[in-house]
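Chemist: Each chain is listed here by its residues.
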Amino acid sequence: MFPPITLEILVLCLGLLLLLVESFTNNPDKRILAKCAILGLLCLFIGSFFVEGNPALESIAPGSFWHFYSADSAALFFKRIALLTTVGVLIMSMDYQQVLAKFIPSSRPGAGLGEFFCLPLFTCTGLMFMASATDLILAFVALELVTISFYVLVAYMRGNAATLEAGVKYLILGALSTGFVVYGITWIFGLTGETNLAKVATKLALLEGSDTAILFSLLLVLVGLGFKVAAVPFQGWVPDVYQGAPTPVTAFLSIGSKSAGFLLLLRVLEPFLGVASIQAKVLCILTLIAGATLLFGNLAALTQDNFKRLLAYSSIGHAGYLLVAVASIGTKASSFGSIGSTIGFYLFGYLLMTLLSFLVLNIVSIHSRGDDIIQFNGLAKRSPFLAYALLASMSSLAGIPFTVGFYGKFLVFAQAINAHQYVLLALGIITVAAGFYFYLRVVAAMWWQDPAIVTPIPISPLTKIAIVLLVAGIFIFGVCPKPILTLLSPLAAL
Amino acid sequence: MLAFGVSVVLNRDPVASALSLVGSFLCLAALFVGLDAFFIGVIQILVYAGAVMVLFLFIIMLLDLRAEKRRHFNRLALAGGGIVSVAFAAELIHVLAQFPMGHLPFRPLGVEKLDDVRLVGTTLFSNFNLPFQVVGVLVLVATVGVVVLSRRELK
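Heads up: the sequence lines are chains Y and P, in that order.
Each residue of the first sequence is one higher than the one before, counting from 1 in the numbering used here.
Each residue of the second sequence is one higher than the one before, counting from 1001 in the numbering used here.
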């Protein structure tokens, strides 16, 4: 047993160490760095099951980091999600490096690739701190660490015009959303004189006659976090940035950034929902955002021909389902567990299926020079293994029974019924139907179209293992979700 | 300060814009000094008006200034941006008008003079040590990013 903050410190040290090794060695093959990072992260993932919990509230010294940091089960769960995502991203990056090398101006082979394998570790540190933050200051600093490392990663292939466009768009909109978050935090601080969320909650409940000001501060933070989790109407950047960024970074953005964003959203919302006089209004805002996100993400995906763009809209759509769960907060607990555990489970499922589809997309696009759906034509003949893997992830994303995607959606809808959010429920069911069309269109292309290129696709052993594990995870946890829910069960009601 | 801020946005000449920004920073520093926060006032001048602005001016000198003059603005985008900012300002004013704490005068300080350098130091390095360390990582990532993205040819 060791203190939980060791996890973050070790990820950070691993990142620093690899950066140093990278700069002092001349080995042109940088993949060894990624392999070390993957090994280290997997060790830490196992280690995360052996950390101590929070200390007793009375025993915390005045200057201790425990005022900012919490290691409750939600935090640990999201740390594990961050670690696994980073591992997946690094596996993808190793395959992707040949594309990357083409678009980086370098004087000798392998130059500039090492940093691409080290930076995700720093992003991971940020995500892990974000998962543990119980203080707005730490939450903000961690959020910035994540965002700034993403600015670099998104724009990494600077020889490619689409990537540069994505980088600039992400930078400008990211900076804008950061501005909103900071402004919201200053309002919260101005109202309560506190940045610790638990203390903010007690102070907010005591404030009287400042409902508009409280709502305004929450709104500002919601705008900022809305950008991060890709909620409508703050989703404008998503399709272009997802399409332009290097594929591993897109996967990282869509899983890591979103899951940490949702945990932060829940933590920030908690003190505000404790104020009885504004609770109905907050839920109304959340319901509107959730409904709009569901409709936009799923309906706009119907006409997409580019698979990466399709996944971008799908990412918005899934943010919509998660927001349906968020908008169902505040009623009595249902028999399906707390909202927090529903969101945790959904995000875990989302991790499995999205990572799997990006892994397959990554390999296919490297070998067919493009990521349009046409490139997937006849994939069943070229590489049955990849085709079946993609079939698994697409059916899970669409929500076919016996997959994690189905059980996640089932939990979300159960919470919506429990909270009497019938409009959102209806929207959810309509959009699931839309989802079936656009996810299964890819499946149709793989089986019913003839391939333009017939050469089989080589798959590296590490990627193969990752794909097999992810497919297994999708079905195992879809049939028997108990282990994940037990990990999440001591979660506070939220 | 507000006038300088407006002229940052309205000026077409980047150098004039940057100098207005310096003016805005100086006024902000004056505000801090007026609130008896001398240390923050001084830091504001040293860091923002000094270091950050010099960097801005360097970047402006490296850019092609004529490109900015040739640029035309999209009317629709301009109108949209205008509407959003006016709506935001109106909302802010409305919230402030309804906000009871907004009408209170500042409370006088308990002590005549604060030892603000020491206070900022102890708060930063003892109570807020963890976020401070994370900022260190952030700066490292930014440095690595700048090197990776801006070198003409990576070695």
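Just so you know, the hints here were simulated from the structure itself, not pulled from any lab data.
A couple of the hints might just be wrong.
Stated by the list, open to error - Just the calculated beta-carbon pair ranges, DEER-fashion:
{"hint": "1", "chain 1": "P", "residue 1": "V1135", "chain 2": "Y", "residue 2": "A162", "range": "27 to 35 angstroms"}
{"hint": "2", "chain 1": "Y", "residue 1": "F189", "chain 2": "P", "residue 2": "L1010", "range": "25 to 33 angstroms"}
{"hint": "3", "chain 1": "P", "residue 1": "T1123", "chain 2": "Y", "residue 2": "A162", "range": "42 to 50 angstroms"}
{"hint": "4", "chain 1": "Y", "residue 1": "E165", "chain 2": "P", "residue 2": "V1054", "range": "43 to 51 angstroms"}
{"hint": "5", "chain 1": "P", "residue 1": "F1132", "chain 2": "Y", "residue 2": "Y437", "range": "31 to 39 angstroms"}
{"hint": "6", "chain 1": "P", "residue 1": "R1012", "chain 2": "Y", "residue 2": "T186", "range": "51 to 59 angstroms"}
{"hint": "7", "chain 1": "P", "residue 1": "V1054", "chain 2": "Y", "residue 2": "F189", "range": "25 to 33 angstroms"}
{"hint": "8", "chain 1": "Y", "residue 1": "H420", "chain 2": "P", "residue 2": "L1062", "range": "22 to 30 angstroms"}
{"hint": "9", "chain 1": "P", "residue 1": "N1129", "chain 2": "Y", "residue 2": "Y437", "range": "47 to 55 angstroms"}
{"hint": "10", "chain 1": "Y", "residue 1": "G47", "chain 2": "P", "residue 2": "L1062", "range": "25 to 33 angstroms"}
{"hint": "11", "chain 1": "P", "residue 1": "Q1133", "chain 2": "Y", "residue 2": "P55", "range": "53 to 61 angstroms"}
{"hint": "12", "chain 1": "Y", "residue 1": "F103", "chain 2": "P", "residue 2": "I1083", "range": "36 to 44 angstroms"}
Nothing here was measured: the structure is a model prediction, and the numbers come from that model.
Positions of the beta carbon are idealized from the N, C-alpha and C atoms, including for glycine.
Chemist: Quick one: are T1123 of chain P and A162 of chain Y within 42 to 50 angstroms, going by C-beta?
Modeler: 45 angstroms, holds
Chemist: Falls inside 53 to 61 angstroms, the C-beta gap from Q1133 of chain P to P55 of chain Y?
Modeler: 20 angstroms, violated
Chemist: Could you see if the CB distance from G47 of chain Y to L1062 of chain P stays within 25 to 33 angstroms?
Modeler: Violated: the Cβ-Cβ distance is about 47 angstroms, outside 25 to 33 angstroms.
Chemist: Evaluate the given range 25 to 33 angstroms for the C-beta pair formed by F189 of chain Y and L1010 of chain P.
Modeler: 32 angstroms, holds
Chemist: Please check whether H420 of chain Y and L1062 of chain P have a Cβ separation lying inside 22 to 30 angstroms.
Modeler: 60 angstroms, violated
Chemist: Mind checking the hinted window 43 to 51 angstroms against the Cβ distance between E165 of chain Y and V1054 of chain P?
Modeler: 30 angstroms, violated
Chemist: Can you let me know if the beta-carbon spacing of F1132 of chain P and Y437 of chain Y is within 31 to 39 angstroms?
Modeler: 51 angstroms, violated
Chemist: Starting from the hint 47 to 55 angstroms, judge whether the C-beta atoms of N1129 of chain P and Y437 of chain Y obey it.
Modeler: 53 angstroms, holds
Chemist: Range hint 25 to 33 angstroms: satisfied by the CB atoms of V1054 of chain P and F189 of chain Y?
Modeler: 31 angstroms Cβ-Cβ, so the 25 to 33 angstroms window holds.
Chemist: Lying within 27 to 35 angstroms: is that true of the beta-carbon distance V1135 of chain P to A162 of chain Y?
Modeler: 32 angstroms, holds
Chemist: Has the hinted range 51 to 59 angstroms been met by the Cβ atoms of R1012 of chain P and T186 of chain Y?
Modeler: 32 angstroms, violated
Chemist: Honestly, do F103 of chain Y and I1083 of chain P meet the 36 to 44 angstroms range at C-beta?
Modeler: For F103 of chain Y and I1083 of chain P the Cβ distance comes to about 39 angstroms; the hint holds.
Hint violations for this structure: numbers 4, 5, 6, 8, 10, 11, all remaining hints satisfied.
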